[in-house]
Every structure is written in structure tokens, then in C-alpha cells.
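Trainee: For this one, chain A is given, so just place chain B on it according to the hints.
These protein sequences, in sequence, are chains A and B.
No gaps in the numbering here: position 161 of the first sequence is 208 in my numbering, and each next residue is one more.
No gaps in the numbering here: position 137 of the second sequence is 184 in my numbering, and each next residue is one more.
Treat the hints loosely; a few may be bogus.
Any copy, or any two copies together, can satisfy a pair, since identical chains are not distinguished.
[Said to hold, decoys possible] Taking lysine-lysine and the DSS-like style, the derived pairs with C-alpha atoms no more than 27 Å apart in a straight line are:
#	residue 1	residue 2
1	106	253
2	165	253
3	54	196
4	88	238
5	246	196
6	224	196
Source of the hints: derived by calculation from the structure; they are not laboratory data.
Protein chains: 2
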Amino acid sequence: METDLTKIGMHKDQQYEVIITTMDKDGNSNAAPFGLRVLEKNEVFLRIFEGGNTIKNIKEKEEFIVNITNDPLMFTLSTTNTIPDEYLTRIPNKTNNDELAYLTDADAYFKCEVKSLKTTLREDDIKSSDVNYIKSEVVELNIKNKCVKPMNRAIHALIEALVNYSRINIVDEDTQKYFLERFLESERVIKRVGNEKEKESIQILKEDLINQGFEI
Amino acid sequence: METDLTKIGMHKDQQYEVIITTMDKDGNSNAAPFGLRVLEKNEVFLRIFEGGNTIKNIKEKEEFIVNITNDPLMFTLSTTNTIPDEYLTRIPNKTNNDELAYLTDADAYFKCEVKSLKTTLREDDIKSSDVNYIKSEVVELNIKNKCVKPMNRAIHALIEALVNYSRINIVDEDTQKYFLERFLESERVIKRVGNEKEKESIQILKEDLINQGFEI
Chain A
48 METDLTKIGM
58 HKDQQYEVII
68 TTMDKDGNSN
78 AAPFGLRVLE
88 KNEVFLRIFE
98 GGNTIKNIKE
108 KEEFIVNITN
118 DPLMFTLSTT
128 NTIPDEYLTR
138 IPNKTNNDEL
148 AYLTDADAYF
158 KCEVKSLKTT
168 LREDDIKSSD
178 VNYIKSEVVE
188 LNIKNKCVKP
198 MNRAIHALIE
208 ALVNYSRINI
218 VDEDTQKYFL
228 ERFLESERVI
238 KRVGNEKEKE
248 SIQILKEDLI
258 NQGFEI
Chain B
48 METDLTKIGM
58 HKDQQYEVII
68 TTMDKDGNSN
78 AAPFGLRVLE
88 KNEVFLRIFE
98 GGNTIKNIKE
108 KEEFIVNITN
118 DPLMFTLSTT
128 NTIPDEYLTR
138 IPNKTNNDEL
148 AYLTDADAYF
158 KCEVKSLKTT
168 LREDDIKSSD
178 VNYIKSEVVE
188 LNIKNKCVKP
198 MNRAIHALIE
208 ALVNYSRINI
218 VDEDTQKYFL
228 ERFLESERVI
238 KRVGNEKEKE
248 SIQILKEDLI
258 NQGFEI
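For reference, chain A alone in the conformation it holds in the complex (with noise of 0.2 Å):
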């Protein structure tokens, strides 16, 4: 059984946005965005709040299935609610002599088994929560399309940074302010989740800003 990320373009200590489903007990289906990580070829990482169906699930069952996809209105539906049972295949789950369901239109899903599951208490600002250090092993892979390609943030964080850089000039100070402040985040975001090239394009960003006399 094919268990590789590599196979589907998703590599080691990045973050891709997927939309996991899930099963209760009673055989509903619940479908969620989240960041996965991989850490290694057919090992993911998940953090998650307590409070969702996804982790009441993943307790529930120790497994789950992640959906590799670009489609908006999927990331949407699921965001907002879920995702109707419509848009689902559901298929016969070996293991637990029960029923798994993967998005029909994913270009490609793999079936995750729960390895490890960690919670702490998480102090915020606003209110504390109990977050779930969830490890699994992938198990079962299917790509359904040749040219699938995971969502990443940071190839795009890095372009609104270029778009930016590529105004700052023509901007008032105001829209500057803010146009670094964007930058920042940006980075920040490419730190956790990009890829070497990505890394490295924005450190060449930020020293030319920085040559320039802007301070960042």
C-alpha cells in the first residue's frame, strides 16, 4: 500500500491546508479545514483545539482521513459548517469494520492512524483551551490526480510581500507602515510553513528593504 507524501508533492517539516473527515459513532460525517505537517514521508502532525467534531472524533476512533484539494468552496463549507454528505464518498473502513468518508472531488486522500495524542492547557489572552499534540502514520494513500499540488501559504505570503515591495516607493508613509507590518507577518508565516527557496527569497527581500534605509 502506497504510504509516501513525497509521492504527492508534501515534504518533510513543511505545513499544507487540508480538510480532514471524520466519523462519529452513529456514522456522521464531519469535514474540517486544519494546517498538517509532515514529519516524516508517512508521518503527519496536527494541533488542535478541543471543542470541534474533529477532535471528538480522532478520540473517538483514532483515525481520521486527510483531503488534499484547491477547491475554494470546500475550504469554504467546511470552514463555516461542514461539508454536506453530497460532496462525500463514504467507503468501508477494514480496521474498525465501519465507515470512513473522503471528499469525492480531493485530488488525492490518505487514511491517517492516531500514533500518539497529547493535551495541555493552552493560556491565550482572550481564554484558555486544552490543545491536542496529535502524531499519526499514514496508512493508506490514493491519488486521483496526477498533478495534485498541496496548499501552502507560503508561496503566496511571499508574492503579497512582492506586490508590496514592489509599491513601497510610490506609497505614503502611512501605507508603508502598514505594507511593512504585512511584511513581517508574511515571514512569519513563510518561517513556519515554506520550504528552503521560500526562506531564502524573503531574507533577499528583506535586506534589500533594509538597504534601502527602511527599518524592518
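Mentor: Using the frame of chain A, we list chain B on its own:
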């Protein structure tokens, strides 16, 4: 000769982030990033401010090459300065009996010939400058990677809006205000460069925020 941009996933009325390579009369290459709008399957539109090498070369030669890539370093180098010759491949240009250059690692590239060029004065807050509106015809499309996927800013404007949406009820008031401002920026980008699904998505999100009582 192939000239149909839908073959590389570029569709009418959408805008893509591309790198344009041009040559001056003396054979010096230049590369710069632009937002390119598709007018018809073999017709594109560019808006370029006066002053750079790209517009100078386009005016001289009335032709240019559009490179489709997702390489962050190529976007960065072409934005901050230009792309060194070592990353470019020169090809003979039969029309003018000289040379053109494309980005060696581009997933696809196409040659364009200028059909019309109109220059108007644009009055800005900071300064006024001449801006050129250029319609061009695609005369030769080369696909080097079957999985070519041109960069479009809309899906990522949407992902940022979704990430902020999912956190808007756990952040303080100032951050909420910031998220709503960023939401309007995402909406602006999507309306300008996005497809129907992305426009539908940002509308769903907006209605949901309004239903939650946010003023947007």
C-alpha cells in the same frame, strides 16, 4: 502552433502572476513580474507603468515572452532586480531576425505580439505617472510541464480570510477589527482576479460574518 491558454489552465477574465522576459535592441535580457489578465483564449492584457525596462523593451520590440512558474526565487529575483542570464534560455526569433529569452525552468511559456498600446496619465496621491495599457496576441505557446498551474492570488486571499474567520471569536477587539479590514482586502483581490467559485466562497463568508453580527 498552439496558442490556446486554456491548455495551461488560464481562463478568460482571470488574472495570473507571471514573469515577463524581454530583450532590448542590444540583446540585453530583462525579467520582471506582472499581473496578466486573460481577455480571450489567445489574447492577454497588461497594465504597465512607464519607467521600467519591460515597457521600454516592449515598445521597442512589440513582443515579449510570458513565463509561467511557481518558483519563489524567480519571482523574488525578477522583482528586486532581474533574473541573471544563467536562468534564461535564448531562442532565435524568426519575426525580427534576433533573439528572445525564456525562463529555463518555466512550466510553460508563450510568445506575445503587441496588438494595441495606449498610454494615459494617471494622477495618484503621491505622484502622477504614465501608465500603458497593452493588448497582445499569443502567437506561440510551449508547455514544458503537463501539470503547469499558473499562480493566481485569489485562492490564497480566500485561505487567509478563512484562517482569520476561524479565529475571529477568540481574539480581542483590535484584532477583530484588523481581521475585518483584511477580509475586505481579500474580497477586493478575489473580485479582481478570482474565479466564480472563489467569488461565491468569499460571499458565503461575508454573509456568515454579517449573520454573526459583525459590521462589514
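Trainee: Does each hint fit the structure? Answer for all of them.
Mentor: Verification of the hints:
{"no.": "1", "hint": "106 x 253", "result": "neither (43 Å within a copy, 32 Å between copies)"}
{"no.": "2", "hint": "165 x 253", "result": "neither (37 Å within a copy, 35 Å between copies)"}
{"no.": "3", "hint": "54 x 196", "result": "both (10 Å within a copy, 18 Å between copies)"}
{"no.": "4", "hint": "88 x 238", "result": "within (20 Å within a copy, 38 Å between copies)"}
{"no.": "5", "hint": "246 x 196", "result": "both (20 Å within a copy, 22 Å between copies)"}
{"no.": "6", "hint": "224 x 196", "result": "neither (34 Å within a copy, 33 Å between copies)"}
Of the hints listed earlier, those the structure fails to meet are numbers 1, 2 and 6, in rising order.
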